[in-house]
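Colleague: Build the complex: two chains, separate frames, hints provided.
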Amino acid sequence: MVHSNVAMIIGSNVVENHPVAAKWLTRTKEKGAIIISVDPRYTRTSSFADIYCKMRSGTDIAFVNGMINYALQNNYIHRDYVVAYTNASFIISDKYSFQDGLFSGYDPSTRKYDRASWAYELDAQGNPQKDPTLQHPRCVFQIMKKHFARYDSETVCKITGSPRDIYEQVCRVYTSTWAPDRVGVWLYAMGTTQHTHGTQNIRAYSILQLLLGNVGMAGGGINALRGESNVQGSTDMGLLFHLLPGYLASPTKADANLAAYIKNYTPKASDPKSANWWGNYSKYITSLLKAWYGEQATRENDFAFHYLPKRSADYSWISLFETMYAGQIKGLICFGQNPAVGGPNANKERLALHRLEWMVSVDLWETETASFWKRPGVNPADIATEVFLLPACSSVEKEGSISNSGRWVQWRHKAVEPIGEAKSDLWILDALCKSVKQEYASDGVFPAPILHLAWNYGNGESVDAHREPDVQLVAREVNGNFTRDTSVQGKAFQKNDQVPSFALLQDDGSSSSGCWIYCASYPGLEAKDNQMARRNKQDAANNIGLYPSWAWCWPMNRRILYNRASVDANGNPWDARRWVVRWNTEAKRWEGDVPDGGWPPQEKLPFIMKPEGYAGLWATSLVDGPLPEHYEPLESPVSNLMSSQQVSPAIKLWHTSNKEMNLVGDFARFPIVGTTYRVSEHWQAGAMTRNLPWLSELVPDVFVEIGVDLAQQKGIENGNRVIVETARGKMEGYALVTRRFEPFQLHDKVVHEIGIIWHFGYNGLVQGDSANVLTPHIGDANTMIPEFKAFLCNVFKKEGGA
Amino acid sequence: MKAMLIDATRCVGCRSCQIACKEWNNLPGEQTEFFAAKGYQNPRDLSAKTWTLITYNELKVNNRFEWVFGKRQCFHCQEPACATACPVRALEKTSAGPVVYHPNLCLGCRYCQLACPFKIPRFEWHSPVPKITKCTMCADRVAAGLEPACAKACPTDAIIFGERETLAAEAENRIHRNPRGYVHHVYGKDEVGGTCVMHLSNVPFAELGFSPNLPRRSLVQHVQHAMQPIPFLIAGLGIALGAISWIVNRRIELQEKEQQQCPQPTHDSPQ
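Going down the list, the sequences are from chains A and B. Each residue of the first sequence is one higher than the one before, counting from 1 in my numbering. Each residue of the second sequence is one higher than the one before, counting from 1001 in my numbering.
With the rest of the complex left out, here is chain B (with noise of 0.2 Å):
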């Protein structure tokens, strides 16, 4: 099963990775304002448009200054929850190791959005049939035997793709080699069944926004047993939501329409 290696000591949150994925995915620019939220990040969270974030954590570890840079995305879980609380499969567990996504199945309940543990799954509040979106460890890349866009366009190797078995081991000796510059943690290995993208860091996860105390085991039971019976209702809340954003962005284009079609200068002045 392929899988992800992402090591928070190599990452110098040169962002060519949230770039890449943009680009492979034809995903559009957000219309961002200044820094969203801490340090350089930007957008402000994950969203239909954005799959992967950088984080800026500005952080004092054991008395020496650290500005560590973690990474945000779906971390295609063995046993996903999405998938097991999704109730039309729209969803899936490839066994090539991406959980992948089928739109057309897709009621747009977003039962997976509070299925899922690291809360990574986004909803399309601005289109009229709104899917649910997320990173798809790049399955199409996968599948064709290349590696996801956002490992291909790191400088430093700080996200690499490969078997899992391989880059669990891979991680395991590289805290083993360097004991000191790492937490003595797989983030990921083990987590929730374990994932198929694992994390490296030199400071607590919880600094990095990662949740520090998932169970080990799978959640899969738990879903199924405890949210079944109330997909549908939430589908129909969906849909009414759906409909509402409908309109009002429909409004938003026109007036841009309209403000398109009257003569402009040239340049504005900068705000």
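Chain A on its own, in the form it takes in the complex (with noise of 0.2 Å):
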């Protein structure tokens, strides 16, 4: 960041979610760059910015799709970088179409779209027909200059409520960043992601930064900055539920067989220009089989695929809640997770609750997850859940690694013993599956997969709380080491040596590696051996601060992807003052950055992880869209000012196929937007701070922040207590009234939005309503994340409140 031109910050209130990350926006501003804001409401980061431009809430794409539409039509574009480097070429199929906000090969009987007809033209090689000139009717480009016409900024204007005059000017001073010597580096978070549209929100980012050639540069890329410090780590080894560790698809029952699952997700690439790294699936999927199932994974039985559950339904949040809500689900462990607080119709998720069988809280606090069975309202008597409660350590009582934003591995040392009988996550899930393990010792339908898990950490065969399992050891495995003696690339290795590099990994069965990323973290077998340990403060030869001996980046200790765009097409960097790698015609060698594949210049294509080696302006794997398109969220104020597609056609929709408990709001009602957001002062769903006496003297209670028009309009003054509904529920809390919340004038009416922070709960030293109450079940059409961050809400003075 401390390199960007320009910042722009969009879905994040970096400032108050992220200080650590604003001491490099200071400094980088102190230089001459400027700070773009924009957000419903104006935040810390806002105060911070030079520029601030509100938005209403859900709007992200009109927004996003009127800078495009500015940049392509003024021609404010890295040309040679568009023409290399992204599919903007390529020539789309002519069955592609778009209309009135449908593209081509929807089915509204099944909400879905048949993607064929967005697929690229290939010429006899199977490789995609291209134009370089960009003027073919049906390349890429052209599309695009069509579809994003449509978004001029009086149009955008009247979607978002932005004036038009700072709208204009933040398209002007963003997309001057097209200059191959300046860059622009785009921050987003939770404000981007928690809508029905939210993937296609990051799409629109990702597109504009192509076309301005801002990814792969120093100062430049897309940098979403995490919920959670550790979050990174968790999706880096495979939390969420359509994912195995390294971002390995979590197989289905389409994947018959290793052989079936190898084929269904491995990509070809017929260029020969094309890297296409998910070429290697097979061999990360074998080392991850063999370091899951060891020795019990073999060539005869399909390395143990077979032990693998196949997904057969949607495990998402709020699947998984409506599933519970329907008594489908038995039990539930809850580890470091508060849905009575966090999850989106939290009223729900808290019925839900009742209708398990057994509930594990796995937390510092108890949390009002764990004490849901006693909240306020309810009777112990009539829940039957069996609750359990194990005290966990803090970040500060175990040893282990965190993975940042920027992808570095950061190895952490314990500082002090836990309190009482808190153990780390590492103990108490040892202990879980040794216990298993010894239950399906006697008994059990399928007891393979789980006797067979190779399962070793150093403190013995049986539980014991006073033997901690070596972190170090789990480290290492998640490394992975070669199964017997080998020779990779000429080089010769003896078993259990420790993999030095993906690169080397194997689909025979002679290498482990319990996520293929991290290899190359620990390519010893010594506590000195530990990269993510390591903490040497020596910059690398371009002195940009990427700092490649501290700690451990993913992957290989690369510090920014895509390295390899921020060259032209002989390796000299776009911008030389703040180069990240080049190439050296006497040494033959790249410099700078670990770069993306050592191949010297245009002998293969920078976008490695694509199979055709080029950056996807136009996108396939979405399957709301090959382009971002303006919808509104499921609850909004106004129609549709683009299409007659009010919603994304795309989204599944919980209220029509489960309408208990699901109602949706609409304007005559429920006039008023609402979003929900952090504080500085607090984190997540409340326990780890409402418990701490100092955080909660800063932040003691709920507020609901409201414009001061609308507070005028409704009576309410600031501190008077106020009610705040929805169709799903309604809470209270303190009225904060501010000029930081202004209206916005939309095309057809002028339009008021609320915000309200969702920390808190009935627990905690501190306590309040919690807000998702009010948030409806919907999700994103690829993620399922739930839309927390825009519905329709009304706002009234309490009577009888002070």
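Accuracy of the hints is not assured; some may be wrong.
[Unchecked claim] A short list of chain A residues far from chain B (calculated; beta carbon distances all over 12 Å):
#, residue
1, W24
2, T45
3, D302
[Claimed, not checked] If you anchor each label on the Cβ, the simulated ranges turn out as follows:
#, chain 1, residue 1, chain 2, residue 2, range
4, A, E591, B, Q1031, 56 to 64 Å
5, A, G715, B, N1025, 52 to 60 Å
6, B, E1165, A, F241, 57 to 65 Å
7, B, L1059, A, Q712, 16 to 24 Å
8, B, Q1031, A, E154, 32 to 40 Å
9, A, S621, B, A1206, 24 to 32 Å
[Unchecked claim] Residues on chain B that point at chain A, a partial pick, calculated with CB under 10 Å:
#, residue
10, C1011
11, I1019
12, Y1040
13, A1048
14, K1049
15, F1210
16, N1213
17, R1217
FYI, nobody ran anything at the bench for these hints, they're computed from the structure. Note that beta-carbon positions come from the ideal geometry of N, C-alpha and C, so glycine has one too.
Modeller: The following block contains the structure:
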């Protein structure tokens, strides 16, 4: 960030929620960079920005599509970059069309797209046909020009409610980074993702960044500011329901055996210039199975692939809680999760917990979820769920790694002994696994996947309260080793040697790796080999602050992804003042950051994870369209100005399939836009901060931020108790009347928005109503992430209140 | 001499400094309700339990909306009126920079409170033997070669610590480098003879609640002549008020203890 000329902050309140990241923005600002904050509310980030532009919640795509249009119409694009490194020149099938908000291939009965008509036109070799002049009427560039032309600034501002002069200033300032020697950085967070079109929001950002040539550059990129300090690590390790570690797909019923699985997920490339890195899929899944099942995974038994559960349903958050509400889930383990406060439509999710036979809460405090059975308004005698509370260690009471937003994996040592009976997550998981194994030893329908798990972390066969599993052994397993004496790429390795790079992983069972992208993080058997524990402050040759010997970064300690896009065809940096990598013609090697593959320039294309090797301005991988298109949130105060499709046509509508407790509100009854957010002083669902007196002192209660105009209309004064109501529930809080929320002038009406912090619940030193009783069960078309950030509500002064 | 420079244009109002201060100095959390003052500010004011405080100021400056965060704490004057006013030298200006406080010497006369041009020292009304409290610039940390806790915790370098001369020059430099970004005044550089906590701001200091018209010369002479006869009178009053406060607090404590002994439902409903 410190190298940026312009920083765009949208869907993120980086200053409040990631103050340390704000330090780098401060530095770049002092060097003359322009900071832009786009948010429905003037936040602490806006106060720090040079330009603040307001935008109604849920209209990111209109806002950014307008910026893309501005760049395309004025030719503010980095043309060489766009032609050489993106799929702008690719020709699209003549069956593709777009009409009134619908892309071709839509089936209204299933609410799904058949994506065949979005495909590239291929030549005889199976490569996409291209027109490097970008003139072909069906090339991606021309289709984009037409698609985005509909988003002129007048139309955009009628949707977003942004002041047009400021909006145009944002377009002008940000697109100035098209010049090769100017770079723009894009920052976003949950304000972007938590929408029914969250993935497409990010697509829009990506398209603009690619057009401007800002990807792979120092001071560029699309930066997800993570909602948790180790969210990056958890997704890397496969915590999401559709993934195995290392972003491998979790198998479904369609993957009958390992060969079928590999065939289904390994992309093919016929262009010899495409590295097509995912072509190595077979090596990574086989090595993962070897890490999990060790000697029990053999070529003869398909490396135990049949032990993996096959995904047969939607296991996303909303779906799980709907299923639980329907009484079809028996037990729940909540590891550091507090759905009673953090889940959408929290009233329904709390009731869903009633239907469980048992629930385990592993946490630092007794959370609202752990005590759902004795919460205000319920009778414990009516609830049969058996609840267990396991006290867990805090981050300073245990050793392990943490992966930050920049993919740096940093090793942390234990600072203090745990309090009372608190145990590390690792100890709890180890004990759980050993106990389950013991149960299966005597009985079970399909015991082999449990009994054959390779499970030995140096603390004995049985559960021992005083013996912690060795977390270094876990880290070594994640890196992986050779399972027999072997020779790879001319190098000889002995059995049990650590694998030094994922480029050496094999699909013949001779290597293991618990997470292929972390291979090289622990290349030896000694504690000193732990690359994540490195703390050397020496910078790389390019002196741009990569600090390659500080901790370790996946993949292969590469600090900036797609860095081969930061140079031209000859390997010369677009911007020599802050070069990331460059080709040394004499030494015939790359200098600077670890390059995205060491091939000479021109031998391979820079976007090595894409089958064609080009970045995707056009994408067929998303279920809701090849280009971002504006749709309104599920609950919206206006009809969609862009088309007759009010909401994203590809989202699952829970209120039609599961009617109970899934009411949707309309503008007549709920004319105000509501959104939720966090403050610096509290953390997530609040258990870790509402139990600390110092933080409770700073923000002791729920507050609702209301603009001055709306407060006047409603007769609300600062400090009044107010009720906020949606179709799902109502909650109470203090009114904070502020000029920082202003009304939005939309195409046919003025709309107000209010905001509520969502940290509160009925436990802790300070307590208050949970904002998530207001939010709906509706998710993004691709990821199912709930739409927390935009809903319809109403607000009233509480009768008899202060 | 050591000093601190606080730059409001870098401050993002995260309040890490408020927490770090309490953590290092072992100050308890205060029971607060909603927001006691403007914006997100909490607690209402400095107190014996709160030595530094971030203020939230929603302003319109040059027709532009601004949300500016101010930091309240002791200024650690070069010639502190509080130390001069103290009849028993319980307050002392150290050569290192911090104005420190010796509780074992304090009479509780509160003369320093009257003398301080910035209204910083606070009185422990809740204590049976009340003392004066205020920010010490973490004199113990400074003596050990560390920076004050608030400066250490600040994620955006809005608070920096160093030699006073260097910081004063740095402050002038920042204004020089970005003349449109700052009010052309380093608050504390010359006020009351100069202080060891200096501020930069992009809005007039009065908007952040700073007294705008303090004299440039030291207040020490002023204080000595005008107020020296009074201290013992005040001490007497202080002791009397302290005694009343002790009795009241003792009763509250006893009541709380009684309540704790009664069996209570584990979970109260939220208010």
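Colleague: Would the stated hint for Y1040 (chain B) survive a check requiring a Cβ distance to chain A of less than 10 Å?
Modeller: holds, 7 Å
Colleague: Given the hint of 32 to 40 Å, check if Q1031 (chain B) and E154 (chain A) actually sit that far apart at their C-beta atoms.
Modeller: violated, 52 Å
Colleague: Just to be careful: measuring from the Cβ of A1048 (chain B) to every Cβ in chain A, is the smallest value less than 10 Å?
Modeller: violated, 14 Å
Colleague: Using Cβ atoms only, decide whether F1210 (chain B) comes closer than 10 Å to chain A, and label the hint accordingly.
Modeller: Violated, because the Cβ-Cβ distance from F1210 (chain B) to chain A comes to roughly 19 Å (cut-off 10 Å).
Colleague: Closer than 10 Å between Cβ atoms is the bar; does K1049 (chain B) clear it against chain A? Give me holds or violated.
Modeller: holds, 9 Å
Colleague: Against chain B, does W24 (chain A) keep a CB gap of more than 12 Å to every residue?
Modeller: About 9 Å separates W24 (chain A) from the closest Cβ of chain B, which leaves it inside 12 Å; violated.
Colleague: Would you settle whether the hint for C1011 (chain B) is holds or violated, based on the nearest Cβ-Cβ distance to chain A being less than 10 Å?
Modeller: Cβ of C1011 (chain B) sits 9 Å from chain A, so the hint holds.
Colleague: Quick check: does the Cβ-Cβ distance between E1165 (chain B) and F241 (chain A) fall within 57 to 65 Å?
Modeller: holds, 60 Å
Colleague: Taking the closest pair, is the beta carbon of D302 (chain A) still more than 12 Å from chain B?
Modeller: The assertion about D302 (chain A) holds, with a minimum of 51 Å to chain B.
Colleague: Could you check the hint for me, namely that G715 (chain A) and N1025 (chain B) are 52 to 60 Å apart, CB to CB?
Modeller: At roughly 44 Å between Cβ atoms, N1025 (chain B) and G715 (chain A) fall outside 52 to 60 Å, so the hint is violated.
Colleague: Regarding E591 (chain A) and Q1031 (chain B), is the given constraint of 56 to 64 Å on their beta-carbon distance met?
Modeller: holds, 59 Å
Colleague: Does the CB of N1213 (chain B) sit less than 10 Å away from some CB of chain A?
Modeller: violated, 27 Å
In summary, the numbered hints that this structure violates are 1, 2, 5, 8, 9, 13, 15, 16, 17.
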